[in-house]
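Construct the entire structure; sequences and hints are all you get.
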Amino acid sequence: MSREIELSKSYDPKKVEEKWYAYWLENNLFKADVNSSRKHFSMVIPPPNVTGALHIGHALNNTLQDIVVRWKRMQGYDTLWLPGTDHAGITTQIVVEKHLGKKGLHRSNLGREEFEKEVWRWKEESEKVIIHQLQKLGASLDWSRKRFTLDEGLSRAVRQVFVELYKEGLIYRDKYIVNWCPRCKSAISDLEVDHVEVSGKLYYIKYPIIGTDKYVVIATTRPETMLGDTALAVHPEDERFAWLDGKKALLPLVGRKLPIIKDTYVDREFGTSIMKVTPAHDPLDFQAGLRHNLPQILIFDEEGRMNENAGKFKGLDRYQCREELVSELKEKGFLLKLEDYRHAVGHCDRCRTVVEPYLSTQWFVRIKPLARKALEVVKKDKIKFIPSLWTKTYYEWMTNIHDWCISRQLWWGHRIPVWHCSDCQEIIVEVEEPKQCRNCSSSRIYQDEDVLDTWFSSALWPFSTLGWPERTEDLERYYPTTLLITGFDILFFWVARMIMMGTKFMKAVPFCTVYFNGLIRDEHGDKMSKSKGNVIDLLEVIDKYGADAVRFTLAAMAAPGVDIPLSEGRMAGYRAFTNKLWNASRFVMLNINPEEDLTSYSRSELTLIDRWMKSRLNTVVKDVNQNLEKFRFHEACHTLYHFIWHEFCDWYIEMSKPYLSSDKANERRREIAKTLLVEILEELVRLAHPFMPFITEEIWQKLPHKDISIVTAEYPTYKPHAYDEEAEQKLGVLMELITKARNIRAEMNIPPSRLIDLYLGIKDNLMREFIEEHKDHIINLAKVKSLNIDSVLPPMQGCARGVVPYVELAIPLAGLIDFEVERQRLQKEIARINDDLMALRKKLNRKEFLIKAPPEVVANNKERYRSLEERFAKLTDSLRALSDHNQER
RNA sequence: AGGCACGUAGCUCAGGGGGAGAGCGCUACCUUGACACGGUAGAGGUCGGCGGUUCAAAUCCGCCCGUGCCUACCA
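According to the working numbering, the first sequence is numbered sequentially starting from 414.
No lab work stands behind these hints: they were computed from the structure.
Every residue gets a Cβ at the ideal spot worked out from N, C-alpha and C, and that includes glycine.
Keep in mind that the hints are not guaranteed to be accurate.
[Said to hold, decoys possible] Computed spacing ranges between beta-carbons, pair by pair: (1) S980 - R704: 51 to 61 Å; (2) F1262 - T1012: 35 to 45 Å; (3) N706 - L663: 14 to 24 Å; (4) K786 - S421: 23 to 33 Å; (5) G514 - E650: 53 to 63 Å.
Below, the structure written as structure tokens:
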């Protein structure tokens, strides 16, 4: 009775998940052992941003990592899966600013120090949420090694790397055109700019040529930048503009005299073939400006507000300025025309503001030397990308890479380890804060205001988390890490940069394999976003379906390298699966007392059904292991799902039932059946554990076991000699004939409550013997009253008939048979077989096929033909007999 | 503009040179002592189009159409 209560009719995840996660933690099961003599497996988590909570994409990423790490742990590896979070500079700062905004505050009111404190508080909260979510998901991370990118140790690593790169000349400071986000008031890197197609306008503006009554027409999408024009440019070989030689143009509204330069960067085919040059606000113009010694006039400030160089437009926002300037141009006759124009405009990928090319002084990483090495290690296969199609993308990007702007005008992040001397302007770059200027000994020094790009510290993650620059035991043992699992969307941002930094500072790749998981989308393939309202909340779905079902759904859909359309319907489906597994276990538990009922047995005591099940399980063990080796999570899941539901539950448990009831079997058989059920189930839950950690632990703990947890139990391994051909072949026949009998019942509308008489004709002696021995199963599963087995069917009339390999079936339906229904049923099947026969005949009649196809393929086809032909003949006979009978009546 | 994917059952997608698959949905029957989050049976597809390679193509190759994604300094 107490056991009935223990095993409720449906699986309730809430009752078991929390309990087992706490148990795992108490027993330190996730902790890596740096002194272990076993082989190691190591992996670092892609650190989630401390911006709030994890989304379902994180759940996918971490589920896959957890599957691998649990699998490796059970295989006996000393596993390290290192957890941590990322400070996520801009992203977090924006989130906290918005949060403050709701309270009517702005960071400028707080000041840098207070604001930083505020972000730290946010970080603490967010990290708590993230850790809680990961634990709910069952992630087996080594929490004793948790890291954060702004931790003291990691910050030290950042400074060390900066200083070393600087001293090698790989970091430099320069005045350059960068991507500028006026909302963030910061520079951002090329990667952080999203190019979005938008409908804009192309403005055609007349620029008068001084000393003539002529003008040239310039087309631009950003007319306000004309305030910073310092030249016009034409292609040197463009004859159409030869007349401009030695002339100057007059900048409308401003009155500045503009020289006309000749430069090949002008495209003669495009637009009006003559360009305005704005060196402080366009990257190409900037380069041209350097070539031609043009002045650089900055016309707006860091917020995108016009400055004193904009004359009377000073103080206006860039777009207001555009409006007013254009209307004035129109008024004064300088605006020739306006055209609709579609073009790609850069947006800040964090806040969606339109970015501006903007001249400012920034810090850069000279990337080529680093990229060259990083390219080499992948080309030499020191790092493998899965799916491999990303390799090519990586090569292309690494080859065309530009210097990396790493300074950000933010308050949240690693302060750049650079000090400026107020007296002599010396720049001091040191790991430790200097007390005085090393040049003039002045103590009037101050630290650079800027912080580093978040990805600068993320790039060090695989070794900074292990203790670098100290030579720790962890670093020695676990670097390079074995595997990285991440999304392909951060291939350039993160993966590529880790490879650059790892090869540079560790002289070794940061990981040996990178698996890229797909991106989660909604069921219609749309991106999930809060504004669309199609986001799936992680804790909510875990609450609704259970962590195991959520995990299994994600893993089952994780085909490599493709987007994953996720719907809750899927999760409901896999919740049903966990429930199925639960109930299969419940069946075993309710029938068996593991302490008393188990026995040892010899192979000769097993039925063919037992042998079939063991053989099938062995094959499934092979498949699952092989699929995990190849990161084919979805196939591993499908194999498990099909085996558990449609082989173990549908057939094996069903066929075990007669042996468990007291009247149908002898004591010895019953013992063995019970033992086998327990044995198979136990191996099965171990096999499924990496995918569904909670339910498998719950079941496993109720079964006889040695270790303290399934977490460290041995993972099933394939035994090459355990394949049992005889059992698989014979059970195949048994199952097919039962299915056929059921099929006839259903099609002849025989109600399930009505038992049938079943006649079987089996020529093959061995097969007949086997079926004889297992007739009870046919009786049970096909609902048979009397079963007659002989080498041929007796002559009978008024029967429904069927044929499967080795076996003919007849079901007398005296008084019940609807001849028309039976005739149609037979004709349908005959037609289907006939189609197959014709296709096969065609194939077998071709000489080339017989000569060139592999012999086993030919043999296989011939056998299929023979078998189909036999069924065809028998069914045709049945149909004829039916017609004869019909006529007699 | 280039690059890369994808187009298979009503829906969402696996598969990947020799017998068209899954989940959900659908139809019929069934509260059978593990499970109605269940059982049994079933319907449904010229595997985007056109060519090519091959004894054999949904699968490999080319072109086309359609859909996504990434990269890009054309005013």
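Checked hints:
Take S980 and R704: their Cβ atoms lie about 56 Å apart, and the range 51 to 61 Å holds. A hinted range of 35 to 45 Å is violated for the C-beta pair F1262 and T1012, which are about 54 Å apart. Checked against the hint of 14 to 24 Å, the pair N706 and L663 passes, with Cβ atoms roughly 20 Å apart. Look at K786 against S421: about 59 Å separates their beta carbons, and that is not inside 23 to 33 Å.
Separation of G514 from E650 is about 55 Å and conforms to the stated range, judged on CB atoms against 53 to 63 Å.
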